[in-house]
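Chains as they are written, first to last, in the working numbering: chain A, 14 to 310; chain B, 339 to 602.
Since the hints were made in silico from the structure, they are not lab data.
Small disclaimer: the values here were computed from a predicted structure and weren't measured.
Be aware that one or more of the hints could be misleading.
Far from chain B by the CB rule (all over 12 Å, computed), these chain A residues [unchecked claim]:
{"#": "1", "residue": "SER15"}
{"#": "2", "residue": "SER21"}
{"#": "3", "residue": "PHE22"}
{"#": "4", "residue": "GLY101"}
{"#": "5", "residue": "TYR173"}
{"#": "6", "residue": "ASP186"}
{"#": "7", "residue": "GLY194"}
{"#": "8", "residue": "TRP276"}
{"#": "9", "residue": "HIS283"}
{"#": "10", "residue": "PHE287"}
{"#": "11", "residue": "VAL296"}
One side only, chain B facing chain A, incomplete, derived with CB under 8 Å [to be verified]:
{"#": "12", "residue": "ALA414"}
{"#": "13", "residue": "MET426"}
{"#": "14", "residue": "ALA443"}
{"#": "15", "residue": "MET451"}
{"#": "16", "residue": "GLN452"}
{"#": "17", "residue": "SER479"}
{"#": "18", "residue": "ARG490"}
Think of the CB as a built atom: it goes at the ideal place given N, C-alpha and C, for glycine as much as any other residue.
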Amino acid sequence: MSEFLELSFAGIALGSRYALVALGFVIIFRATGVINFAHGGLMLLGAYFAYALIATGMPFALAVVLAMLGTAAFGATVERVALRPLVGRPVYAAIMVTVGLLFIMEQLATTIWGHNALTLGDPWGLDTVTAGDVVMPVKDLWTIGLAALALAAFFVLLRYTRIGVAMRATAADPEAALAQGISAGRITAVSWAIAAALATVAGVTFAAGPNALSPGLSTVALIAFPAMILGGMDSPGGAVVGGLIIGLVQSLTAGYQEDVLPWAGENVHHVMPFVVMILILLVRPYGLFGTREVRRI
Amino acid sequence: MLAVHGLEVVYDDVVLVLRGVSLEVPTGAIVALLGANGAGKTTLLRAITGLLDVHRGRITKGEVLLDGDRIHGRDAPAIVRRGVAQVMEGRRVFAEMTVDENLRAGGFTRNRMQNREAYDRVMDLFPKLAERRDSTAGYLSGGEQQMVAMGRAMMASPKLLLLDEPSLGLAPRIVEQIRDIIVTLNEQGTTVLLVEQNANMALSIATHGTVLETGKVVKEGPAADLLGDEDIQEFYLGISGGDGAQRRSFRDVKSYRRRKRWGA
Ligand SMILES: Nc1ncnc2c1ncn2[C@@H]1O[C@H](COP(=O)(O)OP(=O)(O)O)[C@@H](O)[C@H]1O
Ligand SMILES: [Mg+2]
Numbered sequence: 014m015s016e017f018l019e020l021s022f023a024g025i026a027l028g029s030r031y032a033l034v035a036l037g038f039v040i041i042f043r044a045t046g047v048i049n050f051a052h053g054g055l056m057l058l059g060a061y062f063a064y065a066l067i068a069t070g071m072p073f074a075l076a077v078v079l080a081m082l083g084t085a086a087f088g089a090t091v092e093r094v095a096l097r098p099l100v101g102r103p104v105y106a107a108i109m110v111t112v113g114l115l116f117i118m119e120q121l122a123t124t125i126w127g128h129n130a131l132t133l134g135d136p137w138g139l140d141t142v143t144a145g146d147v148v149m150p151v152k153d154l155w156t157i158g159l160a161a162l163a164l165a166a167f168f169v170l171l172r173y174t175r176i177g178v179a180m181r182a183t184a185a186d187p188e189a190a191l192a193q194g195i196s197a198g199r200i201t202a203v204s205w206a207i208a209a210a211l212a213t214v215a216g217v218t219f220a221a222g223p224n225a226l227s228p229g230l231s232t233v234a235l236i237a238f239p240a241m242i243l244g245g246m247d248s249p250g251g252a253v254v255g256g257l258i259i260g261l262v263q264s265l266t267a268g269y270q271e272d273v274l275p276w277a278g279e280n281v282h283h284v285m286p287f288v289v290m291i292l293i294l295l296v297r298p299y300g301l302f303g304t305r306e307v308r309r310i
Numbered sequence: 339m340l341a342v343h344g345l346e347v348v349y350d351d352v353v354l355v356l357r358g359v360s361l362e363v364p365t366g367a368i369v370a371l372l373g374a375n376g377a378g379k380t381t382l383l384r385a386i387t388g389l390l391d392v393h394r395g396r397i398t399k400g401e402v403l404l405d406g407d408r409i410h411g412r413d414a415p416a417i418v419r420r421g422v423a424q425v426m427e428g429r430r431v432f433a434e435m436t437v438d439e440n441l442r443a444g445g446f447t448r449n450r451m452q453n454r455e456a457y458d459r460v461m462d463l464f465p466k467l468a469e470r471r472d473s474t475a476g477y478l479s480g481g482e483q484q485m486v487a488m489g490r491a492m493m494a495s496p497k498l499l500l501l502d503e504p505s506l507g508l509a510p511r512i513v514e515q516i517r518d519i520i521v522t523l524n525e526q527g528t529t530v531l532l533v534e535q536n537a538n539m540a541l542s543i544a545t546h547g548t549v550l551e552t553g554k555v556v557k558e559g560p561a562a563d564l565l566g567d568e569d570i571q572e573f574y575l576g577i578s579g580g581d582g583a584q585r586r587s588f589r590d591v592k593s594y595r596r597r598k599r600w601g602a
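Isolated chain B (complex conformation) (with noise of 0.2 Å):
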């Protein structure tokens, strides 16, 4: 199990991003994490892989546990070695390197037969992989390449994956595809945190939902609760269709009045 107590992030030494974050993800769950472009989403990710020096960015309180050991501080490929994999919001495929050499990289922590394995396993879980494995990812097209960016993550065969904004910029058909796929790989054993934008397919499979908002926790619950919440409803589910350019300004109306009910 995965939990956070208390998390304090600061970037630059000046910038607080997160503000005494608190969230649990227990063992064989999907757990949604909610919020608008800016809340400290991808932040957080960061500071549970171990990639916040890259940034600048350090944690200045509280503590991540991964089943009861606190990972925090250890490096990035550490962290990946205890089992932990995340797809990096925006893919993150090697563009120039092949389907194949991107999940040979995935598998950097493990050894000849481990990756034998977990490759064959990807190929089960990606057959379209399996048609493109010599083409170099950076042609491929973006359902493709989220595809290669989530079977280079599960080559480290995670005992949990995080995913950031999977979802983001791909054809709806296409999100089905990715949610089905979230779905089987949970049902296979991996543990899974999925940050998203897209409230309505992350609720609609995950088992809890938390919803942060400027660096702070405002919301939490069940997934099935958070459907139904009159909040959730109105400011993310409302607005998963329609335009981009004016769900943006909307969105921004809505974020503000909910900042002054929530009081964050």
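Looking at chain A on its own, in the form it has when it is part of the complex (with noise of 0.2 Å):
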């Protein structure tokens, strides 16, 4: 039994991250109707950005908050340079330039800061917490505590603030939203802005402690990409809820795979969530919480 709770601690652990970056995911998505590709890019570099302030002596704390400030400029200049003169073009093509600034945003990562791993120092140690016999790691009682944060800073500035009533106005009718005055540019700036943060502290979650920071975390962001499938590509929470399964589920299969799965080797969890993701999609298309018009793209 204790193994089976720290096993979905651990998933929690993981899933509150997928859940930060599928979240990105599914604001731009509402914002422009994009999926944007570039989203493991931004928490690549907001990483980055967070390591490289850590490195001048910086404490940890307040490099964190900077590096998401400075991701979020960052995602807001690289959407009205790159991709707001596509609006109203197909949208393919502004899917493809996301494909594209992927890679570029990989590159300048490595240009920058070359290809070894680099460490985000240690903030939490190794120190764990025992509650009964289940030993939880204080690196992850971090994690969850800043994505949940993260995540109910979200919720609330998208429930009762001006721009967060505006930005439902427009991901539910863009163009009865244009005529109150909402300004669909300015909505996208802020939801390149707020994704872009979210992913970087994703991105310093998955990259402090033992676990070390280098260019291929960017593909930590395909597997929160059935994560936001899952959930709903427009429904927010659903991008929480699918964030938290895919990590329960990959945590739980590399813990029991040699007594359940014994004959699909030991990396059987990395194709997982998008087993699910794919069983979930059969019973209901839209995702566990997606609105049926998502359909049109």
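Fit chain to chain and form the complex, with the hints in mind.
The structure is reproduced here in structure tokens:
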């Protein structure tokens, strides 16, 4: 039982990072109708920005906050320069641009910081907390706490603030939102900035501690992708649920693979997110919480 | 005052939908814009409010003046800031948001103080909405949704309000309420351009009327004159009640005959 609880706890820690990344996909999709393949690049650069700041001797927390702001500004700028001119053109053109941007961002990180694994320092150490006979790494507690904080801040913004109401209006009916004087361009810029800031939190929690930072980090976004799809591409809450499900599935599969799926090989947990995604889409084509109109894509 | 001069609008670079439309809405007036389905009424409103882009439409000739300034070519938010709000065809409320949230969206271009005042005014205009503030807009009745759409537009405290077929699909009793509200907000100082197929309702409160037919103005004048006009009576007023399907075919025949006679 304690093994199950420990694996579940690790799964939630992992899933909360996927949730951050998946939510970023959803935020940009709701604003623009475009799946942003460059999102993994934003997460990567966010983590490297944090690294660069920590390397100057800056306190970890301050570095993370500044990296979030910096990546947000970077994301909004990229959108303005590379994607805004494509508004009104076929959606696939914008999607292909985001694919191109992903490769450019990965190359940018490699050119500046190289291929070698870097360390963000060890802000949370290797300590563990024990509850009953369940052992939980402090690092994972921090990860869950930070992710929960970032997610809560976003949902408060979306529900209660002026810009949040405008973001929901734009997602619901872009033309009617425009008719209220809500500038689609501004909503898009804000959406990119928020998605980039959330991605930075995800990137930092992936790379901090004994994990290290290397350009391969952006592939994590590929695993958050099924999280977004199974939650429903336009549902922020769905992204969070989807992220947690994917994290739990990966952690439990990795933990029990030898007992349950010995024939599948020990890397089977890498494909499980996609298996789960396909199974859920077969039953619910719009994901768990998606709306039907998303079909137009 | 809103003035439209010789406006031509093309969709997809090929479909010419407005063919030299001119129209004036004097400050303080209610002007009715009448016309059958497909005449170009909604297109004219899109041209005024900067929403043609969304539909791959473009103004190819003419101009739109608001108090003497050219406003065509500006984007939709800029035009809302200039004091022009609209209630779109089909209401288009944000279905998953509450009534209050819909109203907040309508006040997006205004500051907190202005929104507080506008909100009180909207609640006075639509006491029903006050009871429904926290309801999800999508679950309201058609009439209530129309009130949300109108209240949302009024949150921008517009000088000029454009209404696109507000009576569409509503019961006669509700249409009367909507009409009374239009009169009230006009008396409180909002100029109104009222697009309608329900000519009876529109002309009963309008000062002026304009009839649009396949992208051209085919008739205009004081509302009282239009109400007495033989063609209008025959083609619009006689058909404002009765069974939907029959009415449509009847209107098609009439509009064919009218076109021949008016040479549009
Ligand atoms: N987005 C569009 N693209 C192409 N044609 C359109 C578009 N919207 C409307 N039209 C055409 O323009 C004409 C006028 O439409 P509309 O302005 O909606 O008329 P109304 O509001 O008077 O019913 C119709 O023939 C319609 O088919
Ligand atoms: Mg119309």
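Verification of the supplied hints:
| no. | hint | result |
| --- | --- | --- |
| 1 | SER15 | holds, 42 Å |
| 2 | SER21 | holds, 32 Å |
| 3 | PHE22 | holds, 34 Å |
| 4 | GLY101 | violated, 7 Å |
| 5 | TYR173 | violated, 10 Å |
| 6 | ASP186 | violated, 6 Å |
| 7 | GLY194 | violated, 3 Å |
| 8 | TRP276 | holds, 46 Å |
| 9 | HIS283 | holds, 36 Å |
| 10 | PHE287 | holds, 30 Å |
| 11 | VAL296 | holds, 23 Å |
| 12 | ALA414 | holds, 5 Å |
| 13 | MET426 | holds, 6 Å |
| 14 | ALA443 | holds, 4 Å |
| 15 | MET451 | violated, 14 Å |
| 16 | GLN452 | violated, 13 Å |
| 17 | SER479 | violated, 19 Å |
| 18 | ARG490 | holds, 7 Å |
Checked against the numbered hints above, the structure violates hints 4, 5, 6, 7, 15, 16 and 17; every other hint is satisfied.
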